[in-house]
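Enquirer: The primary structure of each chain is shown beneath.
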Amino acid sequence: MEPILKIDGLRKSFGTLEVLKGIDLEVAQGETVVILGASGSGKSTLLRCINFLERPSAGRIALDGKAIGAEDGGGAVRYSEAQLSRVRTRVGMVFQQFNLFPHMTALKNVMEGQVTVLGRAKAEAEQTARRVLAKVGLADKTDEYPARLSGGQQQRVAIARALAMDPEIMLFDEVTSALDPELVGEVLRTMRALSDEGMTMLIVTHELGFAYHVADRVIFLHDGLIHEQGTPQEVLVRPRERRTREFLEGHGLFRLPEADR
Amino acid sequence: MTGYRWDFASVFGNWQILAQGLVGTFQLAALSLGAGLLLGLLVGAGRYSRNRLLHWPATAYVEVFRNTPVLVQIMWFFFAFPIVAPFQVSAYIAAALALSLNTGAFAAEIFRAGIQSIARDQWDAARALGMSYPQQLRRVILPQAVKRMLPAFTNRGLELLKMTSLASAIAFPELLYAARTIATVHFNPIEAYTSVALIYLAIAWPLTQLVYAVERTLRRQE
Amino acid sequence: MEYQWDFTVVWRNSHLLLWGLLGTLKVTAAALALGLPLGLTVALMRLSRARAVSLAAGVFVEFFRSTPPLVQLFWCFFALPILIGVRVDSFQAAVMTLSIQSSAFFAEVFRGGIVSVERGQWEAARALGMTYRQLLRRVVLPQAVKRMIPAFLERAIELMKTTTLVATVAYADLLFEASDIAQKTFRPLEVFTAAAAIYFVVIFAASRVVQVSERRLARSGESTAH
Numbered sequence: 001m002e003p004i005l006k007i008d009g010l011r012k013s014f015g016t017l018e019v020l021k022g023i024d025l026e027v028a029q030g031e032t033v034v035i036l037g038a039s040g041s042g043k044s045t046l047l048r049c050i051n052f053l054e055r056p057s058a059g060r061i062a063l064d065g066k067a068i069g070a071e072d073g074g075g076a077v078r079y080s081e082a083q084l085s086r087v088r089t090r091v092g093m094v095f096q097q098f099n100l101f102p103h104m105t106a107l108k109n110v111m112e113g114q115v116t117v118l119g120r121a122k123a124e125a126e127q128t129a130r131r132v133l134a135k136v137g138l139a140d141k142t143d144e145y146p147a148r149l150s151g152g153q154q155q156r157v158a159i160a161r162a163l164a165m166d167p168e169i170m171l172f173d174e175v176t177s178a179l180d181p182e183l184v185g186e187v188l189r190t191m192r193a194l195s196d197e198g199m200t201m202l203i204v205t206h207e208l209g210f211a212y213h214v215a216d217r218v219i220f221l222h223d224g225l226i227h228e229q230g231t232p233q234e235v236l237v238r239p240r241e242r243r244t245r246e247f248l249e250g251h252g253l254f255r256l257p258e259a260d261r
Numbered sequence: 001m002t003g004y005r006w007d008f009a010s011v012f013g014n015w016q017i018l019a020q021g022l023v024g025t026f027q028l029a030a031l032s033l034g035a036g037l038l039l040g041l042l043v044g045a046g047r048y049s050r051n052r053l054l055h056w057p058a059t060a061y062v063e064v065f066r067n068t069p070v071l072v073q074i075m076w077f078f079f080a081f082p083i084v085a086p087f088q089v090s091a092y093i094a095a096a097l098a099l100s101l102n103t104g105a106f107a108a109e110i111f112r113a114g115i116q117s118i119a120r121d122q123w124d125a126a127r128a129l130g131m132s133y134p135q136q137l138r139r140v141i142l143p144q145a146v147k148r149m150l151p152a153f154t155n156r157g158l159e160l161l162k163m164t165s166l167a168s169a170i171a172f173p174e175l176l177y178a179a180r181t182i183a184t185v186h187f188n189p190i191e192a193y194t195s196v197a198l199i200y201l202a203i204a205w206p207l208t209q210l211v212y213a214v215e216r217t218l219r220r221q222e
Numbered sequence: 001m002e003y004q005w006d007f008t009v010v011w012r013n014s015h016l017l018l019w020g021l022l023g024t025l026k027v028t029a030a031a032l033a034l035g036l037p038l039g040l041t042v043a044l045m046r047l048s049r050a051r052a053v054s055l056a057a058g059v060f061v062e063f064f065r066s067t068p069p070l071v072q073l074f075w076c077f078f079a080l081p082i083l084i085g086v087r088v089d090s091f092q093a094a095v096m097t098l099s100i101q102s103s104a105f106f107a108e109v110f111r112g113g114i115v116s117v118e119r120g121q122w123e124a125a126r127a128l129g130m131t132y133r134q135l136l137r138r139v140v141l142p143q144a145v146k147r148m149i150p151a152f153l154e155r156a157i158e159l160m161k162t163t164t165l166v167a168t169v170a171y172a173d174l175l176f177e178a179s180d181i182a183q184k185t186f187r188p189l190e191v192f193t194a195a196a197a198i199y200f201v202v203i204f205a206a207s208r209v210v211q212v213s214e215r216r217l218a219r220s221g222e223s224t225a226h
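Residue numbers (the numbering used here), protein chains in the order written: chain A, 1 to 261; chain B, 1 to 222; chain C, 1 to 226.
The hints are simulated quantities; they were obtained by calculation from the structure and are not laboratory data. Just so you know, not all the hints are guaranteed correct.
As the list claims (entries may be wrong) - Only pairs whose alpha carbons sit at most 27 Å apart, straight line, appear in this in silico DSS-like list of lysine-lysine:
1) Lys26(C) with Lys122(A)
2) Lys162(B) with Lys161(C)
3) Lys162(B) with Lys184(C)
4) Lys146(C) with Lys141(A)
5) Lys135(A) with Lys122(A)
6) Lys161(C) with Lys184(C)
7) Lys26(C) with Lys184(C)
From just these sequences and the hints, can you work out the full model?
Expert: Okay, here's the thing in structure tokens:
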């Protein structure tokens, strides 16, 4: 079966700084992939290239078999904003800082993309919004403004907002890093439920416990390249590469339960 | 627009009139700025003090001159003030009075806001060292506040430059009045006023660049 | 010799003064109505990624902020009619000058407000697939405008003060009427003082409104970034 996401030779430079140095990646439908790496390794940049918030400097990205962008005569790839807009409706993103629209209630936040971008009728959008908000456990907070919600609640609304667009892939960019520790759990539970339902997810996170229990595949990014990848067992418990080991040891809070070691 | 023959020669042929006007502009601006800053510092300190006798008149002055149009102030000093003034009020004196008092009121606000923006801790530290109020102001607070007030003051300077053109309404021979004279005598308002607009732009340009530069340096420092 | 104040002159001509005030408000309103949308357009031009466009807008703003409004008014009233061959009356010249001049200042307020909306909002909107237009209209401008309201009100008050310039081209605003009455009654002290007082009351009241709105916005966490 065709992978839902195929990345070939992805490179991204900011001025003279090359952040991604050639990423090749295939993600199958329904797969939950966790991306680990030190800061500066390029994890966020990788995610932001997939929904084209950053334009790749080189390489191709294909969604569901179709490559995005058109190659011009000279070998470079040209992207049209219109096509990228459409791609972004198929790839949902959840940010570290939630980025909810403060001038709209939770319900309106979740409806906004549906109405303005997908052109759905207000009534239909509202129904979907209520359904999705209920799914993330916030059915009673639909009429609250973001300022009145806790960090964990805001992040779940952000997840609902992305889900309401019926995306094929969901991207999570360190979505719990800005949360107080006691609020992290509710967001991770929501993400786990999504994964269990079969959503294709790419998750950048430092939550190694979550990665171990939920991921189908773990990728360790180092210096703009995939350094090691495999199942959680392979990468987290018995990493082959030295740098992977060093990184995991740096996150010393992660200890596997005795029985799993 | 086609067919109009531009004639800048008659404007530049009268460059002496323009030069005189420019001198008038600078004289008025310099005097008003100097007097205004001094006045603003005194009044600003007065507003900030807890003494009722100082606070209320200072506030009244500031509010009146900030909330009435400059042209009204100029006309008042030229037409109304002479009635009760014990001295002769020429166009220059009227304009200078109006612009100095106007600048003073805005300067007072800038001083007050600038001084207030310095954290209480600085005052406490200075007081703890045993400094008197004027010493605290001079040695600790003002040096810090001045940096922050610089953009606002430069803006006021720019405003003042533009306000001098209003003195033309009471026939004070500054730059715009010179342009008006040339325009009415030589029937070339387009060239006259365009030239003068460009001259103002040329003078204002370094000032605005200074403001941007100062703002940039401040942002980098903060 | 003690001056004999006589404010009856003012009361007798109060209807003319109020008529003048109406004239002031008319020009202010007209200039605002035109200046605001023009200011937004210029602000968006300045934010455009096309260098030529943003440069042109930048020059526009610099020019109209650096030249005295009275020069602009004289140009509009005396010079423009010759250039385009159409008569321009004082109201038209006033509104034209003041809308363009105020738009330069409004453009800066708009730009400051738009830029102050944090990056995350732009990204979230783009991530949903919004176009630049949709992003501005649905997410950025609603947030920007709320913060810019005090700055706008301040600019509007400045505009009201600047309208006094139109008295120099014989438009019947408050200052012109006061000037006229003062000449006819030989009581410039009372008349001009009364006119100044009227201006003060109107402008002071407007400033208070601005302060209240600033406090309200600060409380709701949406204070203006000055």
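Enquirer: State the violated hints by number, sorted upward, taking the hints as numbered earlier in the document.
Expert: Hints 1 and 3 contradicted; others consistent.
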